[in-house]
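Please arrange chain B on chain A, whose structure you already have, making use of the hints.
Now for the letters of each chain:
There are 2 protein chains.
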Amino acid sequence: MSVLVAGSVALDDLKTPFGERRMVLGGSAVHASVAASFFAGVELVGTAGKDFPQAHADFLSSRGIGLSGLEIKEGRTFHWEGFYEYDMNTAHTVKTDLNVLSGFDPVLSPAHKKSTHIFLANLDPEVQLRIIDQIESPLLIAADTMNYWIENKGPALKKMISRTDIMLLNEMEARQLSEEPNLIKAAAVILGMGCRYVIIKKGEHGALLFSKGLNFSAPSFPQEQLTDPTGAGDSFAGGFIGYLSAVGLSGEDHLKKAVVIGSVMASFNVEDFSLERMKTLTRDEIISRYEHIQRCVHFGGLENNLFTGKE
Amino acid sequence: MSVLVAGSVALDDLKTPFGERRMVLGGSAVHASVAASFFAGVELVGTAGKDFPQAHADFLSSRGIGLSGLEIKEGRTFHWEGFYEYDMNTAHTVKTDLNVLSGFDPVLSPAHKKSTHIFLANLDPEVQLRIIDQIESPLLIAADTMNYWIENKGPALKKMISRTDIMLLNEMEARQLSEEPNLIKAAAVILGMGCRYVIIKKGEHGALLFSKGLNFSAPSFPQEQLTDPTGAGDSFAGGFIGYLSAVGLSGEDHLKKAVVIGSVMASFNVEDFSLERMKTLTRDEIISRYEHIQRCVHFGGLENNLFTGKE
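Sequence order for the protein chains is A and B. Start counting the first sequence at 38; every next residue gets the next number (the numbering used here). Start counting the second sequence at 38; every next residue gets the next number (the numbering used here).
With the rest of the complex left out, here is chain A:
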């Protein structure tokens, strides 16, 4: 089984307390595809301009990521410029140049239409819907969004969610979309929109997985080396869908493990700018960090006769 990832391909200008980088490889589809590529074959669907460096395409190909769905257009690649303050929790956008991403509305190839595992990174929900329409027999569709679409394309977004198996949002998006400050209630509201699972990504506080009757909480890896948070959410999603494609199962036990794998992949991605850390990442490092998180959360059962009887 292979993974189809649709989203942005970007050249980013980034500034964090640990340095600056100009015109580095980024974009939601890139971060998600690279994270997924450790577990599965990946097909990337996106667009870039003529300025997109061949070295970046070569890097993606070297990771087994199919680029037949990456349309190279006249013009410049989508460009995001942003910075992070000292606490690194919030990305501040300086400038967004859509460039060739403006009007992006992909027509899938016959092979891509047969994809089983699909991750729709942040895009106009109407475009996400048209991609879903083209998939012939999906096993699992996961999707992301952002505050802009919640504010400006609410009805389309809700329709898209109703046709998605797993909706991924960050904490703020979940609160905004549901109009409910309590995350447990927020998840219930979003499940009510018709997806089967909701994942709320909480950055340094981990991630929550909900379905009707399921409530799973994964911590983040205890991260000391946070250099550049850009792409953390997409790396999470890529690891998540890549793992599920690799195991070919999507019961709750596997969804839980997929959430932890997502956290692990995000934790590596933030250790260096752009995709730099992913270039040296090994399977042993992934396994080791997964097992570390397992140890971080394990605790035993309660003793008998613990209570004073004052109740």
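It is worth saying that the hints were derived from the structure and are not from the lab. One or more of the hints may lead you astray.
Remember, identical chains collapse to one label, so a pair may be satisfied in a single copy or spanning two.
Here are the computed lysine-lysine pairs in the DSSO-like style, where the Cα-Cα straight-line distance is at most 30 Å [to be verified]:
1) K347 - K293
2) K316 - K222
3) K239 - K347
4) K347 - K151
5) K87 - K347
6) K52 - K239
7) K249 - K239
8) K222 - K239
9) K249 - K293
10) K151 - K190
11) K87 - K222
12) K347 - K150
13) K316 - K347
14) K132 - K347
15) K222 - K293
16) K222 - K52
17) K222 - K249
18) K110 - K347
19) K293 - K239
20) K347 - K195
Structure of chain B alone, referenced to chain A:
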């Protein structure tokens, strides 16, 4: 073994999105003592004014909380007035009247000096130190503090921490005390001040337990019914120290379970104003919530042959 809790006894005016209460029972020592009383005999050390209602004293006694260390003085009981916005994460103080708490500097009775498990709730760190000086052979001392002491009594606070086994702080206090925004690094800085364990309470995001070499993460109970957050941290601490006193052990396995019990007790306390929820709480409810958190965090090991080999 029994627990000694020293801290404030208060009459609170509270306002949350779910209602208002005037002059209700509160205070750090009260919340901590009540939570601990489910697991252990508790001795409360504090002070109240002549206006302190007998019904409150009777309630504490009914929970097996010894009040021989509660000094009733001429004057009014410590009074806190505060409110919570819709998100409930931050307490906004309207007014603090120290009243009889001003100059509180307890002299322990011979029996109290023999206490084994001590929780020093938020107090002037110089007073916390003088209490520690009076304990003859403590097995476990846990302490809390607040931003005011971090800002105004740093040296005394650090000395107190060096004589404490377990330091409890919330997220902001940990960052402020350590001058380090990354919580993992913040915990290391605070451990460097000389305590053996640091617990960072993160409210809805759970709690972290650190020692040199240990990193444990507990989620909070997935709470839908959050009515009044006042006393959550002290209920956590009370459940934590009460449990450890009950089992009489303080290895890392038990410290982890104690953190989860702390989360459980806090989760009940916030379900109603003041101590109301604790009045009806049963051991079965505590056990059930503990087991719920166990299920929330459990996930299995990774499969073999998971990786594409692209690394």
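Outcome of the hint check:
In this homomeric assembly, K347 and K293 come within 30 Å of each other (Cα to Cα) only across copies, at 24 Å, whereas the closest approach inside a single copy is 38 Å. In this assembly of identical chains, K316 and K222 lie within 30 Å of each other by CA distance solely across copies; the values are 26 Å between and 39 Å within a copy. With identical chains, the CA atoms of K239 and K347 are at most 30 Å apart between copies only, with a shortest distance of 29 Å across copies and 38 Å within one. In this homomeric assembly, K347 and K151 come within 30 Å of each other (Cα to Cα) only across copies, at 23 Å, whereas the closest approach inside a single copy is 62 Å.
For the homomeric pair K87 and K347, the shortest alpha-carbon distance between copies (27 Å) is at most 30 Å, but the shortest distance inside one copy (74 Å) is not. Both within a single protomer and between protomers do K52 and K239 lie at most 30 Å apart by alpha-carbon distance, with minima of 22 Å and 28 Å respectively. In this assembly of identical chains, the alpha carbons of K249 and K239 lie at most 30 Å apart whether taken from the same copy (20 Å) or from different copies (26 Å). For a Cα distance limit of 30 Å, the shortest separation of K222 from K239 qualifies both inside one copy, at 16 Å, and across copies, at 19 Å.
Taking CA atoms no more than 30 Å apart as the test, K249 paired with K293 passes in both settings, with 15 Å inside one copy and 29 Å between copies. With identical chains, the CA atoms of K151 and K190 are at most 30 Å apart within one copy only, with a shortest distance of 28 Å there and 66 Å across copies. For a Cα distance limit of 30 Å, the shortest separation of K87 from K222 qualifies neither inside one copy, at 46 Å, nor across copies, at 43 Å. In this homomeric assembly, K347 and K150 come within 30 Å of each other (Cα to Cα) only across copies, at 25 Å, whereas the closest approach inside a single copy is 63 Å.
Taking identical chains as interchangeable, the C-alpha atoms of K316 and K347 lie at most 30 Å apart only when they sit on different chains, with a minimum of 10 Å there against 58 Å within one chain. In this assembly of identical chains, K132 and K347 lie within 30 Å of each other by CA distance neither inside one copy nor across copies; the values are 61 Å within and 34 Å between. Proximity of K222 to K293 under the C-alpha cut-off of 30 Å is found in both arrangements, the shortest distances being 20 Å within a copy and 28 Å between copies. Proximity of K222 and K52 under a CA criterion of 30 Å is satisfied inter-copy only: 22 Å between copies versus 35 Å inside one chain copy.
Within a single copy, K222 and K249 get their C-alpha atoms as close as 12 Å, which meets the 30 Å cut-off; across copies the closest is 37 Å, which misses it. Taking CA atoms no more than 30 Å apart as the test, K110 paired with K347 passes between copies only; the shortest distance there is 29 Å, against 73 Å inside one copy. For a Cα distance limit of 30 Å, the shortest separation of K293 from K239 qualifies both inside one copy, at 16 Å, and across copies, at 22 Å. For the homomeric pair K347 and K195, neither the shortest alpha-carbon distance inside one copy (49 Å) nor that between copies (37 Å) is at most 30 Å.
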